[in-house]
Amino acid sequence: MAIENLHEFLTDYFLANQCELLENDNGKVTIQLTDEMDELIMNRPFYWHYIKQIGQKGQPMKITFITNPDRQNEQGEWVHFGSPRLHQIFRTLTRQGKITRQYEQIVSIQRQPLIPWLVLNIKVSYQGKHKKDELLSYGLQLINGTLVSPMMEKLSLLNLQPAIPDYCYTISPLIHNKSAYQRLIRYVQDYLRTKDYTWAKESWDHLYAEGKLLEHFYKEEQAEEEKQNQLQQALNEIESRFRPRISIDIINGGLFYLTQGSSNVVSSGS
Amino acid sequence: MNIQLNNDNAFIEELESAIQQDGPFSSWKLFQMSYHAAQTTLTPEFTGLTAPKHLPHMEFLPHQLDCARQIIEEMNGRGLLADEVGLGKTIEAGLILKEYMIRGLVKKALILVPASLVNQWVLELSQKFYIPAVSQGKRPVWDQNSIIVSSIDTAKRQPHRDIILEQEYDFILIDEAHKLKNHKTKNYEFVRALKKKYCLLLTATPVQNKLSDIFNLVSILKPGHLGNYEDFTATYGKDRNNLFNDDHLKQLIQKVMVRNRRQDTKVDWTDRKVKTIWITFSEAEQKAYNQLTSITREADTFSSITLTRELCSSREACYLSMKKMLQQEKAISNREAYQEFLKVIEELPHHAKAAKVVELIGDTEEKYIIFTEYRASQLYLQWYLQQHGITSVPYRGGFKRGKKDWMKQLFQNHAQVLIATEAGGEGINLQFCNNMINYDLPWNPMRLEQRIGRIHRFGQQQDVHIYNFAIRNTMEEHVLNLLYEKIHLFERVVGNLDDILAELDIKDVEQEIQTIFRESETEGEAKIKLDNLSSVISLRQDQLQEQEDWNGNRESS
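As you go down the protein sequences, you meet chains W and C in turn.
So the first sequence is numbered by our numbering: it starts at 2 and just counts up by one.
So the second sequence is numbered by our numbering: it starts at -15 and just counts up by one.
In isolation and in its complexed conformation, chain C is listed as follows (with noise of 0.2 Å):
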C-alpha cells in the first residue's frame, strides 16, 4: 500500500558531531526523563479522547465529551456544531482543539468570532484549556505557527485578507456561523477560500430560513456531502421543514452536524425562577400615564407609542424623547399639549418602577443585573441607586471591547449592580450573578431570551431569579399577560422561537406590536389583536412539538 514515510536524518549528524567536539552530553537522569516524557505525552490509540486528562480543572458534561468524540472520530474534524444556545458550545471547540494539539495534529489555528467576543475566547481558550491564543492586535503577525483570534470582520479586510488567504491553516473556527448561509456574501466567500484542514462552524441555529441555510453551511465543510446545489434543490426542494421531515436528508445533516438540545443532555439545570412584578403608579403618574395617551391618540406620530412606553420606565426617557421630537418635528397638530405634558412631567415624583427595585434589592448583599431599554432610564437608575447607597455600573452595546470588559470586572469585584441597555446577544457571560431585573420588557422576545442567557447558561450554579417588571393600567400589563405569558415564554426555553417567527413572516415583533398599538382605536381593540398575534404563535409551538421527533445527533450515537 502506498503510505509516505517521513524519517528523521537530522538527529545522527547531531551526535556525530558531539562525538567530535566530546559534548556537550546529556546526564543519564535528564536522558531517562526526556524518554519518560516522550512516554507521557505519546497518543497510543487512534481514538478517544486523551485532552480530558490534560484537563483536570474542568468537568465536562457527558453531552459535550460525545459531541467532541464524533467530530473526531466520525466527521474527522470537520463539522457544524450546532447545540443549543447554553450548553456549551465554546466548550466543545476548545476540547476539540485541545485533543488536536495534544495529538500534533494543530499548531496554526483561526479563530474568527465576533469582535466582541475575541477577548473572551482568548480568555477560555487560555484558562479553560491552557492554550496558547493570541487576539490578532493592531500589528496582526498572520504567518506563524500560533492561535489566532480574531474578528471575521478585521480578517476579511485588506491588508489582511491576501495574507490570511496564503496562509495553510490546520484548523479554523468560525463563531456565530449562521451568518455564513448566505453564499453570495463576502464573508462566505472568505471563509470557503480558506486553506483548511479541521474546520468547526459553531451556531445554535442552523437554519433561520432556508433548506438551503444548511446546504451552504454545509458546502464550506464537505462541498458535494448535499450534492451540488441543483442536485441539492431538485431533491430536497426549499422547504426548511424538509430538515425535519426527509429522512435521507436527515442521516446525510448527522453526518456533518452535531445539534444536543437542552431536554437530551441530562444535565440538571439550574431552575429558572420567573416572577412578575407588578408595581401601580402612583395617582400623579398614572394620570400623566393616561394624559399621554390621550394626547398621543389625538395626533398619531411615529413616536407617539415610544413615549407611552418611555413613561413606564422613566420620567427622564420620556422628558428627553419628547424634547427631541417637538424640536425636529414641524408638524404636530397638538403641540401646545405635548408642551404642557413636558411641565407635567417636570412635576412628577420619582418613578414607581426605581423606588421597587430599592425595594427588591436593598436589603440583600447579592447581585443583580437591571436591562432597561433606554439610556436615559439607565442614567437616571445609576444616579437613583447610588443616592440609596447601592453601587452599580453601567453597560451598553456600544462600549468598546476592552470597556466592557472592564465594567464587566468592576460588576463581578466590586458593584452589587450591573444596569444594561443592551444584551448585546452575542455578548459576555455572567453566571456569577443569577438575579436579573427586566426593568422595562422588550417587545422582541429573543432579545429577552439573550439576556436571560446571559446568566442562565452552563455554569450557572445557582437557581437563577428573573424579575419583571411590568406596571398596572398601562400597556406593559398588556404585553406582559397577553403575549409573554401566553407563549410560555418564560418557563421554556425558546430555542425554536427565531424558527417559529421567520416561518410565519414576523420578521420583528417588536414592530408588530408598535403597530397594533398604534392602529388600535381603543385600549379593547389592542388587546384582541395582541390576542390573536400570540394565539398564532402558540398554536404553531404545538404543532412543532408533535411534529418535531427529531432530535439531530443523538439518534445516531
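Next up, chain W with everything else stripped away, as it sits in the complex (with noise of 0.2 Å):
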C-alpha cells in the first residue's frame, strides 16, 4: 500500500488539509492553501508573525506542483519521490496523522453496539553491519483479544467517520489500552523470535574480528594512558557501527470501533 499514484497523494493531501484546488490538470495541480497550511509548510515564520502582530488577515499562497516528469519544465514545483516538498510532507504526517479514534459508519433505525479495537502500525528497523525495516499493522479486539494482522489492510475496506453514528453506543473494553499495548508490543517480539538472524550474527562477527584487529594495533602501546583511550574511542566506534540492535517505533494508531459484523470478517482468516 505504499503510494502509488504520486499525484493523488499530493491532491488528497491538501483536500484533506481543507485546501482548494485550483486546477488540476494532467499530472500539474494548483492549490490555494489555508492560512494553517502555508504556516505549516511555507517557511515564513516571520510574515505569520507579523501579520499576527498587526492583528490582519494573512494571504496565504498559492503554490503549483507538477507530477508529470515530462512537464518539469514548465512553472511550477517538480515533486517525486525524492524531493524535499514531498519528505516534508511526510514529516507534518508523522504528526497530523499520529493518533485516531473512528467510528464505521452505518445507517441504522435500531440502536448498535460498536466493539472497540486498538490499531498500532509498527515500524520494526533491523540494524546490524546494514540496515533495513518493516512494517506491521495489528489490530486486537478490546473485548476477547483476537489479534488481526495486517490491520490497515482490512480497515481500508470500510468506511469509517470520526463521530459516533446515530442510535449506535459502544461497548467498554475489557482489556485496558495499556496492557493492549503491552500485549501487542509483546506480540511484535514473539514475532521477532521466529525471524532469521544470520544478519545479527555476521555483524557480531565482524565487531569482534574489528575488535581484535583494533587490540592488535594498539599492542604494543598498551602501557600509554592516550593510547588506552584511543583504543577505548575505536572501541566504541566499532560497536555503534556493528552492534545487531532492533527497535520498534509506532508510526501511528488509534481506536477503532466497529460493528459486530465487521469485527467478525477483520477477525477472519487471520
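Within a straight-line C-alpha distance of at most 30 Å, the following computed DSSO-like cross-link-like pairs (lysine-lysine) qualify:
id, chain 1, residue 1, chain 2, residue 2
1, W, K124, C, K13
2, W, K228, C, K194
3, C, K91, W, K213
4, C, K388, C, K112
5, C, K13, W, K133
6, C, K163, W, K213
7, W, K213, C, K239
8, C, K194, W, K213
9, W, K132, W, K196
10, C, K387, C, K163
11, C, K170, W, K220
12, W, K213, C, K179
13, C, K92, C, K170
14, C, K392, C, K351
15, C, K308, C, K340
16, C, K259, C, K388
17, C, K257, C, K392
18, W, K228, C, K163
19, C, K163, C, K222
20, W, K132, C, K37
21, C, K513, C, K259
22, C, K179, W, K228
23, W, K132, W, K213
24, C, K222, W, K220
25, C, K92, W, K213
26, C, K388, C, K351
27, W, K132, C, K92
28, C, K92, C, K388
Rather than coming from a laboratory, the hints here were simulated on the basis of the structure.
Quick one: dock chain against chain with the hints and give me the complex.
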C-alpha cells in the first residue's frame, strides 16, 4: 500500500487539509493554501508573526506542483519521490496522522453496539552492519483479545467516520489500552523470535574481528594512557557501527469502533 | 543471541491523553496517508541502493553506483575513495551520504574540505542530492544534528576544535585526504581523534611518495587492518612499488579503497582536442626578445629567465618585473643595458599573442577560459579584449571565496571570457565552458592538467578544445616541443605523472626547467638538456604502463 499515485496522494493531502484545488490537469495542480497550511509548509514564520502582531488577516499563498515528469520544465515545483517537498509533507504527516479515533459508518434505526479495537502500525528496524525496516499493522479486539494482522488493509475496506453514528453505542473494553498495548508489543517480540538472525550473527562476528585488529594495532603501546583512550574510542566506534539492534517504533495508532459484523469479518482468516 | 531491543513507550501515553481530553484526533484520511508515507519511506532490504530512486534528476554512471554500493555494503561505510581526477568523487560521496540519510543512519555529519571548496560542496549536496548542508559560517553551531561543511583549518582551530572533538558524528568526510598522509601532522591527529561512525577519505593520489602514506590513511579508517606500523614496514618495506607488486597487500588495500581509472569506467568521455597555436613575433618584438636574451645571458640573475618568459607573455609583465628588479637589486653589472631595454619595451607594439586571442575568439559567441602566468598580462588582456568589444572577468587564486563564486557566475551568465592567473588546483568547476587558451604554458605539467581538469571533467557535454599558445624562436618553442610533446602530456590524462615525478625525485619541474635555461651557455645546450629530462620521464612512463596491471578495486567487483 505504499504510495503508487503520487499526484493523487498530493491532492488528497491538501484536500484533507481543507485546501482548494484551483486547477488540476495532467499531472499539474495549483492549490490555494489555507492559513494553517501556509504556516505549516511555506517556511515564512516572520510573515505570519508580523501579520498576527498587527492583527491583520494574512494572505496564504497559491502553490503549483508538477508530478508529470514530462512537464517538469513548466512553471511550478516538480515533486517526485525524493523531492524535499514530499518529505516535508511526510514529516507533517507523522504528526497530523499520528493518533485517531474512528467509528464505522452505518445507517441504523435500532440501537447497535460497536466493538472497540486498538490498532497499532509499527515500524521495526533491524540494524547491524546494514539496516532494513519492516512495517507491521496490528489490531487487537479489546473485548475478547482477538489479534489481527495486517489490520490496515482490512480497515481500508470499511467506511469510517470521526463521530459515533446515530443509534450506536460503544461497548466498554475489557482490556485496558495500556495492557492491550503491552500485549501487542509482546506479540511483536514473539514474531521477532521467529526471524532469521544470520545478519545479527554476521554483525557480531564482524565486530569481534575488528575488535581483534584494534587490540593488535595498539598492542605495543598498551601502557600509555593516551593510547589506551584511543583504543577505547575506536572500540566504541565499531560497537556503534556493528552491534546488532532492533528498534520498534510506533508510526501511528488509535481506537476503532466496528460493528459486530465487521469485527467478525476482520477477525476471520487471520 | 544478544541483540539490543529498543521499544517505543511514548506512544501509548500520547494515546491515553488524547482519549482523556477527547482529542485532537486525526482524520481517517490523514491517518491512512501517514501509514502510506511510512511504507513509502521504508527500506525493506539490507542491501542495494535506494538513493538513486530519490534523485531522478541525476544520471549516475555505472562506476559511481558501483563505488557507493561497495563502500556501503562491503566496507561498511568506511573507505578510501581514490578515483582519478574528474570521475566524480563528490558524486560518489554524496550518493553514499544520501543513502545513509535515507536509511536513517546518518543525522549528524561533518564534511571537511579545502576552504576554497566549501561553498561548492554545500551547493552540490543541496542541488544534486537534496541534502540540507550548511557551511560553517562565522558563528558555527557544531552541536546540532546537521550536515556541516567546513574547512579543516577552521575546524582544527580553537575554540572550534574542542567542541568538535566532543561531538559524536555519524559521518565524517575528508576531501583532499592525501594531505593527511603524514601521521605526525596536526591535521592527521585531529581527524584521527574525531568521534565517527562512517568515514570517507577522498583523494586522487592515495600514495604520493611513500608506502607509509597508505598505511596512515587506512589507519584512520580501520586501525589494524594493515597491522601496526612495525608489522607493516617489516612485511612490505618502504618501496611504494610494493603496492602494485605485493598481491597480499593489494588485496588488503582493495578492502578499504575504491579506485576507478578513466579507462575502466566505460564512459564515453568527450574528446580533448589539443591544438598548438604557433605565433610569430613581430619584427620589433623578435628583435627585443633577442636583445633581452643576450642581456640576461651577460649577467645571470635569478630573475633573468623570468624576464624572458614574461616578454613572451606581455610587455607589461616584463616591464614591471624589470623595473622592480632594478629598484631592488643593487649589484647588476649591466644595469645600463636593462635601463636601455625598458625604453625598447615602451616602444613595442601590441603583443602578438594578444592579437592572436582576438583573432581566435573575436568571431564566435563561445565562452573561453584564458590562463596566463602573470597578473600584469591578465590586466593587459582584460583591457585589450575590452578594446575589441569582448567581455571578460578576472579570476585569481587569491580572491576570497565569495568573490570567486561571483566571478564564476558573471562568467557563466554574462561575460564571454574568464581570464585566470591560477588554476587553483582545487578550484572551481567550469564544465559549462569547453574552450581553453593556455596563453602561456606553465612549466609544471601538473598545473596544466589541473587547468584542463577545470573544464574537461564529468559533466562536460561537449568536446573540449585546448589551445596552447607558443611563440616561435623563443624558449616557449623548446619547452613545448621538447618537453610537453614528448611526454605526450596533451594526449593522455596525466594521472600518474605526479607519481612518476616523485619517484624520479623531480620535486619541481618548473625549477628544473629554469635551471636548465639558466645554466646553459647556448640554446643548443638547453635543448639537449630539456630533451634528456623528457626522455627520463617518458621512459618511466612506458615502464609503468607495462607494469601497472593493477587497477584498483576493479578485479574484486
